[in-house]
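Q: Start from the sequences, fold in the hints, and give me the full structure.
Number of protein chains: 2
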Amino acid sequence: MKITDKLAQAHSAAKLPKATFSFEFFVPKTPQGVQNLYDRMDRMYELNPIFVDITWNAGGRLSSLTNEMVYTAQSILGLETCMHLTCTNMPVALIDEALDRAYKSGCQNILALRGDPPLDGSESTGDFKYAKDLITYIRKKYGDHFDIGVAAYPEGHPEETSGDRILEYLKEKCDAGANFIVTQMFYDVDNFIDWCSKIRKIGIDIPIVPGIMPISTYASLIRRAKWSEIKIPQHFLDALDPIKDDDYMVRQKGTELVAEMCEKLIQSGYVNHLHFYTMNLERATVMILEKLNLVEIVRESQVVTEAMPWRKSLHPERSKESIRPIFWQNRKYSYIMRTSAWDEFPNGRWGDARSPAFGDIDLCASELLRQSPKKALDLWGTPSTLKALEDLLVSYLEGGLTSLPWSDGPIGEETGVLIEDLVSINRKGFLTTNSQCAVNAAKSTDKLFGWGPKNGYVYQKQYLEFLCPKSLVDKLLKALDLFNSSDSEGNTHVITYYIVDKSGTLWTNTKEGDINAVTWGVFPCEEILQPTIVERTSFLAWKDEIFTLISEWATIYHRLMAKPSDGDSDQKQDQNQNQDDIENAYNFFNQLGDELVLCNLVNNNFTASNDVLFSLLNNLET
Amino acid sequence: MKITDKLAQAHSAAKLPKATFSFEFFVPKTPQGVQNLYDRMDRMYELNPIFVDITWNAGGRLSSLTNEMVYTAQSILGLETCMHLTCTNMPVALIDEALDRAYKSGCQNILALRGDPPLDGSESTGDFKYAKDLITYIRKKYGDHFDIGVAAYPEGHPEETSGDRILEYLKEKCDAGANFIVTQMFYDVDNFIDWCSKIRKIGIDIPIVPGIMPISTYASLIRRAKWSEIKIPQHFLDALDPIKDDDYMVRQKGTELVAEMCEKLIQSGYVNHLHFYTMNLERATVMILEKLNLVEIVRESQVVTEAMPWRKSLHPERSKESIRPIFWQNRKYSYIMRTSAWDEFPNGRWGDARSPAFGDIDLCASELLRQSPKKALDLWGTPSTLKALEDLLVSYLEGGLTSLPWSDGPIGEETGVLIEDLVSINRKGFLTTNSQCAVNAAKSTDKLFGWGPKNGYVYQKQYLEFLCPKSLVDKLLKALDLFNSSDSEGNTHVITYYIVDKSGTLWTNTKEGDINAVTWGVFPCEEILQPTIVERTSFLAWKDEIFTLISEWATIYHRLMAKPSDGDSDQKQDQNQNQDDIENAYNFFNQLGDELVLCNLVNNNFTASNDVLFSLLNNLET
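So the sequences go chain by chain: H and L. The numbering used here numbers the first residue of the first sequence as 141 and each following residue consecutively. The numbering used here numbers the first residue of the second sequence as 141 and each following residue consecutively.
Simulated from the structure, these hints should not be mistaken for lab results. A hint or two may mislead.
One copy or two, it doesn't matter: identical chains are merged, so the pair holds either way.
Said to hold, decoys possible - Okay, derived cross-link-like pairs now, BS3-like style, lysine-lysine, Cα gap no bigger than 25 Å in a straight line:
| id | residue 1 | residue 2 |
| --- | --- | --- |
| 1 | Lys146 | Lys651 |
| 2 | Lys618 | Lys280 |
| 3 | Lys366 | Lys472 |
| 4 | Lys651 | Lys452 |
| 5 | Lys158 | Lys281 |
| 6 | Lys146 | Lys514 |
| 7 | Lys142 | Lys651 |
| 8 | Lys618 | Lys594 |
| 9 | Lys651 | Lys583 |
| 10 | Lys594 | Lys460 |
| 11 | Lys651 | Lys460 |
| 12 | Lys651 | Lys594 |
| 13 | Lys269 | Lys594 |
| 14 | Lys158 | Lys651 |
| 15 | Lys460 | Lys169 |
A: Here it is in structure tokens:
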């Protein structure tokens with residue numbers, strides 16, 4: 141969606157926000173850095189920014205990475221995204237490619253920039269000299285598809301001293317078809333307000349988005365101001381200079397100063413939106429938002445905007461997607477990637493999607509291998525027995541671990557209510573990979589389970605998914621069948637199950653084509669929504685993914701099995717011990733896949749207690 | 141579905157039925173007779189017959205009526221239908237037309253008959269001489285699309301005395317491609333069993349369906365036996381002769397005798413299905429089924445087979461239809477007719493059906509005019525004030541009336557729980573046309589509200605639809621808006637409404653495109669089903685229908701406004717009085733449409749009591 145439309149929408153709501161805001165991120169240099177930034181962006185989604193910016197990096201791998209990050213933000217993280225695009229050294233073919241990829245990612249916002257001139261002082265080799273040429277080109281090629289933003293310099297441009305000429309250039313860019321203005325960082329509010337009144341006078345009437353740079357340290361403040369040739373107001377310096385060596389104090393005081401400045405901006409009437417240069421950091425920006433009381437307001441309306449129990453993709457092709465299998469609940473990257481080639485996404489009924497063909501498993505498994513083996517070792521150690529693996533899972537459940545190969549992030553708040561029971565079955569050898577508890581008519585505004593519009597009711601069938609030794613299958617089947625038949629009226633005990641081994645041998649009491657809605661909601665004046673389901677084809681695709689992840693896990697240890705290195709003998713002995721552990725872990729994971737089955741159980745009686753499924757497993761002799 | 145497939149399915153179920161059964165109906169001579177028969181067939185659906193037969197009437201209007209009845213039975217009444225088709229005097233063009241219409245109705249069963257020779261002794265002018273020629277033709281033209289049944293004569297054929305020749309003819313028909321045999325009526329079980337063993341010996345292995353003729357009166361028994369040249373066993377005559385003048389006793393004893401005969405048939409092992417020649421009557425057949433304990437068995441499994449809260453059409457194009465607007469709840473004929481041209485029927489989500497275009501309103505309104513004005517007068521009298529109309533509606537609610545222009549049949553059992561409240565709001569001037577009560581998680585096997593597979597839960601939002609004077613709209617809107625805003629948290633009071641006048645002026649608190657699921661169900665290992673909805677476009681189509689019905693109601697009185705006839709003066713005075721009443725009723729209904737609005741209210745809080753909506757209306761000052 142276009143930024144100007146989102147702004148218009150947000151500021152025409154019944155309950156007007158004081159101000160909305162957005163975040164700018166730059167492209168990190170390493171894959172691990174990218175992964176960390178994704179995690180950060182994922183958390184910052186909760187703050188409900190109107191959009192995020194991804195900066196442009198001309199040339200080669202890094203510009204491709206800008207496009208990749210735009211896709212991830214828009215499609216997977218569900219963040220409305222604005223892509224920077226610069227002219228410097230960019231031949232039209234590269235511009236075309238970047239725009240095409242942005243278009244295909246569902247991105248509808250471009251910040252068109254001239255870009256800094258080449259560092260070596262040479263002329264740019266790009267086909268466009270000025271941002272206005274780029275704007276004209278984008279408009280010609282894509283019509284109104286993109287909202288186009290332009291940069292502005294309230295305190296002048298290092299290369300141009302005449303204030304009038306600068307305004308003239310800005311007017312030219314706007315006349316070429318820009319939709320909004322993002323300004324360079326500044327701290328001089330009075331000058332900014334003055335500048336706003338000037339540009340309004342020369343007929344520029346598009347939204348002005350001020351760029352806000354939080355203050356992290358005194359040194360960085362001074363450095364950036366110097367580099368950008370902007371003025372730091374005297375009262376900033378007066379307040380910060382005495383504490384300049386205390387980073388903590390600087391940040392506290394800086395937050396106050398910047399928040400104060402933002403209040404003034406909002407009160408000026410020229411501004412209803414703040415754009416934060418986050419420098420890929422979270423805390424400094426959040427502190428300012430908190431100071432401005434913008435975070436609390438967002439959280440209040442949060443429940444209303446969360447349309448589904450899972451994060452909606454903003455990719456236009458997925459705009460009507462309303463159902464997903466529960467299996468990828470904790471692996472949204474993988475789910476989006478493996479379904480990215482679908483022509484249509486299930487809306488209303490999974491059954492309408494016909495037979496879902498899940499994409500290449502490598503796309504998702506590679507995620508595990510992308511991170512450094514060293515980090516995996518730090519996170520997960522070297523378990524080499526089922527017992528040790530149990531310990532790891534229990535540690536994850538209890539919050540001691542922030543991820544597992546099959547869970548992108550830490551345990552969800554919602555899972556909290558089941559933790560004791562989950563720990564207990566893990567201790568019995570049922571290595572849980574996913575779960576949800578039964579919910580019978582919770583309000584849609586419920587803090588833990590609510591989603592969708594207010595005045596609705598939401599429901600869940602209890603779901604348990606786990607790996608367990610093949611040797612337990614017979615006992616498990618017996619217990620399940622006994623349970624399902626134990627009530628002579630057959631009225632309540634309906635557990636459906638899928639049990640499958642690595643090769644695909646399947647035990648189930650469901651029929652081919654059965655689709656089980658396990659999360660649904662009833663809302664005023666709406667059709668019934670059923671955002672998560674359990675279904676055979678998807679489960680088999682998920683089974684492949686889980687077993688691939690186990691084998692990738694082994695691969696990580698294999699990569700760590702280095703040749704013995706030189707060094708003093710103590711160190712060497714330590715290393716040998718480590719190497720033994722790693723080798724043991726490798727051997728364990730290398731054969732683990734063949735020894736386990738993946739099971740899922742649904743208690744279709746969503747009115748029953750969660751104890752039902754847990755006691756069944758707890759009572760099994762293992 | 142094919143009869144042989146249905147039989148195979150029914151007799152391979154987990155709980156084997158003793159026997160299944162079917163009913164044969166003939167085409168009545170008058171439109172009123174047809175309407176009455178539809179009502180009867182509609183009731184007899186509840187007995188769960190495997191199929192019904194509609195006899196053929198060669199030539200003109202009556203054969204067209206056979207096709208129409210086949211369509212109605214299959215598509216509207218949801219009865220699997222077998223169409224008789226005869227050769228006598230039927231040129232191939234007429235055969236083609238009949239088969240084409242049967243095909244398009246979704247009928248998959250034809251009973252191919254030679255038919256009786258022309259009554260005047262002339263040769264048949266048809267293109268096919270024998271049933272086997274017709275069978276060959278159908279097979280050639282339609283491949284395996286139709287199951288083809290053939291007639292058989294266990295006691296010989298009036299035109300053929302040689303038993304061997306008769307068997308030979310039957311074998312030829314079977315070899316030509318018949319799938320099942322329906323026999324002529326008979327009462328001699330021993331002869332039948334003997335005959336069965338003979339036809340099995342000559343290699344006929346398709347199902348044998350015995351034709352059973354209930355005994356209504358002694359005279360009809362004798363007459364039919366004579367006409368068909370079949371034997372009445374001595375013990376039948378011995379039992380019936382002494383009571384032959386007492387129709388009641390004959391029917392009782394006859395039921396016993398025929399039931400006894402059916403038991404023997406079933407025990408013989410040749411038969412697991414009974415085909416009843418109902419003569420378009422209900423009672424005699426039902427008495428035999430009850431005697432055989434076949435009705436009770438059916439009722440037990442009923443709940444399981446009722447897949448939806450409304451009767452499913454058996455038209456193949458509608459096979460996936462799973463959602464209907466609630467408005468036509470009591471006018472299923474009209475709904476099927478007005479949607480018969482749709483390419484696709486909503487499955488899972490109404491929204492997927494895009495904008496529904498409802499067919500010509502004349503199709504449905506004509507129903508009212510098809511019945512004789514005299515009958516309408518008998519049923520509904522001559523109300524000429526709102527108060528008198530109220531009385532009529534109250535009488536309908538209390539069971540004193542079996543239909544209304546907008547309700548095909550008597551008040552449903554389900555509505556029963558609301559009757560007192562409905563009567564009370566009718567007395568306030570809210571003339572109810574449709575309603576359903578709130579249901580919060582009733583079991584799917586619930587006798588009153590249950591539908592769908594067992595171990596499920598079903599839900600309803602309360603729905604009220606009524607006509608009321610335009611002058612009440614302001615008050616009603618005020619009360620609704622007050623109600624919706626009365627809870628400061630806005631958590632429970634969510635009534636959505638549509639109020640519309642004849643010309644289409646609409647008051648609503650819904651948005652364009654809103655679709656409100658008002659009946660839904662949750663079942664083990666299934667997607668959520670939502671079989672009825674409330675939605676704007678459909679409601680406007682329904683509004684047109686309701687207002688057309690009111691104007692047709694006026695037309696009925698107009699037709700009854702005869703010129704004064706001759707006769708004695710007393711009679712004349714009576715007639716004049718009647719004529720005045722009729723004229724008053726005409727004037728009343730003629731202007732009524734302009735004075736009323738049609739309203740519907742949904743209480744989206746399905747967990748609330750039904751009192752909520754009723755008190756709102758009861759508390760309105762009218």
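Q: Now tell me if each hint is right for this structure.
A: Now for the hints, and whether the structure bears them out:
no.: 1; hint: Lys146 - Lys651; result: between (45 Å within a copy, 20 Å between copies)
no.: 2; hint: Lys618 - Lys280; result: neither (68 Å within a copy, 53 Å between copies)
no.: 3; hint: Lys366 - Lys472; result: neither (42 Å within a copy, 79 Å between copies)
no.: 4; hint: Lys651 - Lys452; result: between (30 Å within a copy, 23 Å between copies)
no.: 5; hint: Lys158 - Lys281; result: neither (37 Å within a copy, 74 Å between copies)
no.: 6; hint: Lys146 - Lys514; result: neither (42 Å within a copy, 65 Å between copies)
no.: 7; hint: Lys142 - Lys651; result: between (45 Å within a copy, 24 Å between copies)
no.: 8; hint: Lys618 - Lys594; result: between (43 Å within a copy, 23 Å between copies)
no.: 9; hint: Lys651 - Lys583; result: between (33 Å within a copy, 23 Å between copies)
no.: 10; hint: Lys594 - Lys460; result: within (20 Å within a copy, 32 Å between copies)
no.: 11; hint: Lys651 - Lys460; result: between (28 Å within a copy, 18 Å between copies)
no.: 12; hint: Lys651 - Lys594; result: between (36 Å within a copy, 16 Å between copies)
no.: 13; hint: Lys269 - Lys594; result: neither (52 Å within a copy, 71 Å between copies)
no.: 14; hint: Lys158 - Lys651; result: neither (54 Å within a copy, 28 Å between copies)
no.: 15; hint: Lys460 - Lys169; result: neither (35 Å within a copy, 54 Å between copies)
In summary, the numbered hints that this structure violates are 2, 3, 5, 6, 13, 14, 15.
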